[in-house]
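Trainee: Given next are the chains, with one letter for each unit.
There are 2 protein chains.
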Amino acid sequence: MSEKHTVIFTPSGKRGQFASGTPVLEAARRLGVDLDSVCGGRGICSKCQITPSFGDFPKFGVASKAASLSKWNAVEERYDSIRGLPKGRRLGCQAKIEGDVVIDVPPESQVHKQVIRKRAEARDITIDPSVRLLFVEVEEPDMHKPSGDFERLQGALKAEWGVEARASLSTLAALQATLRKGKWQVTCAYHVPSGQILQIWPGYHDSPLYGLAVDLGSTTIAAHLCDLATGEVLASSGLMNPQIRFGEDLMSRVSYVMMNPGGDVEMTAVVRTAINDLIGEIASMANITRNDIFELVLVANPIMHHLFLGLDPVELGQAPFALAVSDSQSFAAREVGLEMQHNAQIYTLPCIAGHVGADAAAVALSEAPNLSEDLVLIVDVGTNAEILLGNKERVLACSSPTGPAFEGAQISSGQRAAPGAIEHIRIGTDKEPVFKLVGNDRWSNEAGFEQSIAQTGITGICGSGIIEAIAEMRMAGIVDASGLIGSAEQAGTPRCISDGRTNAYVVYEGGSGPKITVTNGDIRAIQLAKAALYAGARLLMDKLKVDTVDRVVLAGAFGAHISPKHAMVLGMIPDCPVEQVTSAGNAAGTGARIALLNLASRAEIEATVRKIEKIETAIEPKFQEHFVEATNIPHATAPFSGLRATTPLPDVNFNTKSDKPRRRKRRTQLE
Amino acid sequence: MSEKHTVIFTPSGKRGQFASGTPVLEAARRLGVDLDSVCGGRGICSKCQITPSFGDFPKFGVASKAASLSKWNAVEERYDSIRGLPKGRRLGCQAKIEGDVVIDVPPESQVHKQVIRKRAEARDITIDPSVRLLFVEVEEPDMHKPSGDFERLQGALKAEWGVEARASLSTLAALQATLRKGKWQVTCAYHVPSGQILQIWPGYHDSPLYGLAVDLGSTTIAAHLCDLATGEVLASSGLMNPQIRFGEDLMSRVSYVMMNPGGDVEMTAVVRTAINDLIGEIASMANITRNDIFELVLVANPIMHHLFLGLDPVELGQAPFALAVSDSQSFAAREVGLEMQHNAQIYTLPCIAGHVGADAAAVALSEAPNLSEDLVLIVDVGTNAEILLGNKERVLACSSPTGPAFEGAQISSGQRAAPGAIEHIRIGTDKEPVFKLVGNDRWSNEAGFEQSIAQTGITGICGSGIIEAIAEMRMAGIVDASGLIGSAEQAGTPRCISDGRTNAYVVYEGGSGPKITVTNGDIRAIQLAKAALYAGARLLMDKLKVDTVDRVVLAGAFGAHISPKHAMVLGMIPDCPVEQVTSAGNAAGTGARIALLNLASRAEIEATVRKIEKIETAIEPKFQEHFVEATNIPHATAPFSGLRATTPLPDVNFNTKSDKPRRRKRRTQLE
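Residue numbers (my numbering), protein chains in the order written: chain L, 57 to 727; chain A, 57 to 727.
For the record, the hints were derived by calculation from the structure and aren't laboratory data. Keep in mind it's a predicted model, so treat the numbers as computed, not measured. Treat the hints loosely; a few may be bogus.
One copy or any two copies: either way a pair holds, since identical chains are not told apart in the list.
As the list claims (entries may be wrong) - Capping the alpha-carbon separation at 25 Å, the derived lysine-lysine pairs in BS3-like fashion look like this:
(1) 678 x 667
(2) 121 x 152
(3) 678 x 201
(4) 115 x 152
(5) 492 x 571
(6) 601 x 201
(7) 201 x 670
Let the sequences and hints guide you as you build the complete structure.
Mentor: In structure tokens form, the structure reads like this:
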């Protein structure tokens with residue numbers, strides 16, 4: 057009796073011949089079909105639910121009949137009566153093959169579920185977590201073969217799941233009582249990369265395991281709590297990086313350490329405490345405990361990365377900007393005092409270079425320039441801009457010292473993006489502005505605007521607002537190519553007022569709030585920042601010997617709010633079709649989440665980082681050239697198709713002394 | 057120019073052909089000659105000193121001339137002037153081969169030095185420590201190849217020493233400053249089994265690295281501090297196990313945990329504190345600091361082993377005596393709170409079974425029954441006796457519940473081996489005793505004995521003393537085969553006095569001290585203990601189907617003091633030629649020291665332990681039979697050749713009721 061039947065699994069399309077009586081789960085395993093199971097086929101976990109399809113499948117050449125599977129059995133009956141099985145479902149470990157059959161594996165029965173990302177060009181995330189639940193039956197102790205309980209657990213995990221297991225002393229301490237309580241059946245939380253058993257529960261256990269993706273920035277620390285099995289984000293939260301009291305930007309924190317020996321230890325302590333607070337907060341938001349969190353993946357710029365790991369960052373503040381360690385790091389959370397599950401693990405992404413950190417590596421993981429068919433420029437704008445350029449052939453990376461102007465610092469009416477801040481602005485041919493505030497849907501010339509701002513007032517301009525303001529001023533003929541604001545007469549609007557030796561443009565005046573202007577100083581600050589950004593991108597384009605890129609991805613919180621058109625008018629980024637400029641949102645945070653949810657992605661980004669060609673802008677003479685050339689605001693009109701069809705104004709030139717842009721000394725990398 | 061010369065190294069006899077100009081160190085490495093070097097051939101460490109031999113070597117077919125090596129060079133000159141090179145010595149990394157030559161590698165230039173053990177049958181220890189000093193030159197950072205300092209250190213260690221290195225966060229934290237202080241030359245303490253860099257020093261560093269071999273017993277904790285490179289024992293110390301306040305013997309400590317939940321945590325804490333104290337004491341004895349100790353190897357019985365690791369021992373107190381973990385464990389000392397070098401490592405030997413611990417594994421490592429040509433019985437006597445029997449074909453192990461009688465407990469005049477305790481005794485044909493005290497060279501009938509005991513008095517009988525006393529009483533016709541002491545009349549000496557229903561023998565009476573007697577109760581206690589020991593050995597002999605063994609090794613402190621002849625008269629151990637009974641001293645401690653000094657021995661004992669056949673006496677019916685049969689004291693005369701030539705007395709029988717030894721219930725394993 058070795059009658060064989062054809063079994064076809066959907067959606068994979070995998071097929072094979074199996075003897076009568078083979079359980080569906082076993083057939084799936086032999087074919088490598090992605091069918092989940094925690095209990096190893098004992099009818100306990102119900103993770104292996106499948107749906108047999110009955111009828112003719114001409115495409116497959118199979119007629120699948122009701123008798124193709126063994127009858128509904130007692131285990132399924134019991135499971136259905138207690139927990140309920142959806143109609144049409146069977147347990148893959150109980151249903152046996154008795155004829156040709158087509159079997160569908162529903163998404164929730166797949167281990168490697170897909171998390172669909174919204175953006176067209178972004179890859180979906182395949183769930184393949186580093187921590188898995190494994191149920192095993194352990195042999196009872198035998199005086200004739202006196203091995204340890206742990207060695208018998210190891211043997212069971214090896215035999216049933218093919219894994220080699222290790223355990224910390226704390227796991228060993230809980231082992232004997234747990235085995236006996238579970239009557240020699242236990243469920244292990246197994247950490248695949250280290251082979252460690254992080255926790256053991258008596259009997260069958262299937263509470264979700266959680267992980268945390270943390271983006272440790274100089275200003276804010278953001279975290280996403282994920283269900284490791286589904287990829288679902290259960291809670292997100294963030295808090296200010298308390299290191300700000302040691303210095304607002306990265307370099308001032310490095311200076312603090314230089315001036316105060318031991319300052320790195322202080323900063324390490326406060327950031328770890330903050331992350332601990334954040335863990336507590338996010339756990340309570342999701343109604344779980346710290347102990348339910350089994351892994352944390354962290355991305356950060358090099359200085360934050362070093363301070364988190366307890367490494368003195370001073371070498372990163374001076375040439376040659378040497379990282380203490382560049383590779384990814386894996387260690388127990390307790391080693392850095394983070395309070396999660398007792399054996400919880402931490403993974404930090406690799407750093408690309410002294411200025412291009414694990415955050416940039418996370419951006420590369422999220423945006424995958426190394427897999428792109430077309431040439432993509434990825435810009436993550438912060439105090440430093442990290443820039444990636446490449447495609448599946450080559451990827452280059454550099455960092456450029458944009459300074460904090462894009463974040464609203466060094467801008468006369470600048471502020472961070474908060475209610476009351478102008479974030480969008482348009483200037484018409486009449487040179488009058490209309491604008492929108494953060495968190496307010498009305499334009500300033502729409503009915504009800506005045507009432508809508510009663511709570512917030514109009515308090516300043518945020519980073520994306522200043523970019524739009526300057527680009528609009530340029531297109532409206534209020535600013536010339538060199539960045540000079542014309543006088544009321546030159547510009548043809550009374551909103552241009554004298555501001556000492558230069559002029560300013562009044563965006564808003566009235567109410568009890570401040571007068572909001574864009575000054576020539578503001579424009580200079582933005583010119584320096586955007587020139588640095590552009591020069592960095594340009595330098596990478598030189599290295600690749602290209603003059604244009606196929607698409608541009610703006611990453612980071614700032615990138616999410618920036619208007620691609622205005623960025624291009626300003627000359628922040630190289631020209632490219634505006635529809636090819638997209639925002640990736642918090643790509644670093646997304647990269648952290650990918651690394652958390654998909655184990656294979658860690659090896660992938662480690663390999664990618666090794667292959668990325670690192671360009672150090674500080675030692676490239678061409679960078680300085682590009683920087684100087686890029687201070688101008690190139691476009692008096694939107695330089696691309698498909699945008700507003702106004703008649704362009706004639707270009708202006710308000711510089712009475714010279715046609716050449718003034719040369720400025722390039723600021724040093726971390727000034 | 058590819059002229060080749062014949063080079064022969066002694067004492068290894070390895071030979072090869074090398075081109076002119078090849079450094080001796082390189083030739084040695086290529087031939088696999090054991091020639092030390094820490095600095096990798098830079099003329100810094102002087103570890104590679106060699107002695108060229110000049111003259112004719114007909115055996116080798118070589119004429120070795122003064123011109124066979126390059127001239128004494130500036131590096132050697134400098135080294136000699138600063139530190140001094142012994143006459144005739146060259147630095148192997150500087151001297152280059154220029155002709156046929158015979159080169160001797162002196163013992164101090166060999167990495168794998170031999171530590172010679174005194175006992176003829178004991179294997180010497182080959183030094184092959186787990187922590188080695190490796191000197192490397194690290195590439196300086198390069199902005200064009202922005203790898204981390206640690207990754208460049210890894211690369212250098214790989215290139216120069218062929219090792220893969222890892223580092224803890226604390227090592228990484230010290231890395232950058234150390235590299236710069238050492239001008240990119242550093243010395244690493246590299247832990248071979250884990251691949252961890254435990255410490256980094258700037259430049260060349262060759263202070264000795266130390267390790268500690270610890271034998272954690274129920275009563276005492278003993279430690280030996282060793283120089284890991286030479287094997288030299290620099291200091292030894294011991295202290296009482298403070299767990300004694302929770303219970304004197306193993307089972308009472310397990311009972312304490314059963315009665316007091318959390319008691320295991322208390323006992324774990326006190327024993328770790330005690331070991332920490334011992335580390336401090338032994339370090340100051342050797343005039344080093346805790347931070348100079350890089351590794352600790354620990355052996356212990358299963359209950360001590362579990363308590364040290366923080367594992368609840370209650371399962372070891374009841375059948376089936378399941379160990380939580382049986383394999384060897386490796387972890388950082390800080391994980392169990394031991395204060396040594398910050399990254400110091402701990403290795404615990406594997407346990408053989410629930411009653412046969414890592415201490416017995418250490419005995420097996422020291423005494424190597426698995427390598428023995430002849431059949432050896434190894435007995436480690438303590439509260440439980442661990443028994444090993446075997447040869448290179450098979451090794452069997454069991455534990456036997458001897459109880460504390462051999463340690464002087466349960467003996468009316470018993471005490472531990474301390475000044476004032478009788479440790480040797482002889483009874484003449486006149487039935488009068490002479491004896492010797494611990495720490496006193498005079499027999500009690502020698503001149504000056506009375507004065508010599510003025511300080512100590514005569515306070516009791518220690519374990520080895522009671523064995524000699526009973527054996528001598530048996531041979532003198534004072535005790536019969538069943539263990540009964542005769543009356544004064546029966547035994548023919550007024551030293552036999554009535555003691556209620558039975559009799560006692562007065563060993564000493566006088567002075568201000570107690571009357572020291574051997575009672576029938578004492579003999580019963582020793583009979584039970586020795587019967588258990590004998591029955592265990594006998595059981596293993598049954599399993600091997602043998603009636604005799606070729607030799608007996610007595611291990612442990614007790615074994616070191618016991619008289620083989622008297623042990624055999626008593627029937628503690630199976631008969632065998634008395635000259636084949638040797639003492640191994642503290643074989644468990646020696647095994648710990650071997651594991652500390654020779655890395656390969658760890659894999660060896662792990663493999664041996666897996667192969668040892670474990671016999672659980674508690675479930676072997678034959679054990680009970682042997683036990684009952686073994687309560688008698690078999691020999692009225694020394695049953696072996698070459699011992700005192702007195703005429704044997706006729707055997708006696710004082711039992712007026714029955715000729716049969718009374719049956720006693722066997723005590724349970726850990727009663």
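Trainee: Confirm or reject each hint.
Mentor: Here is what the structure says about each hint:
no.: 1; hint: 678 x 667; verdict: within (23 Å within a copy, 69 Å between copies)
no.: 2; hint: 121 x 152; verdict: within (13 Å within a copy, 84 Å between copies)
no.: 3; hint: 678 x 201; verdict: between (73 Å within a copy, 19 Å between copies)
no.: 4; hint: 115 x 152; verdict: within (23 Å within a copy, 78 Å between copies)
no.: 5; hint: 492 x 571; verdict: within (16 Å within a copy, 107 Å between copies)
no.: 6; hint: 601 x 201; verdict: between (70 Å within a copy, 21 Å between copies)
no.: 7; hint: 201 x 670; verdict: between (58 Å within a copy, 7 Å between copies)
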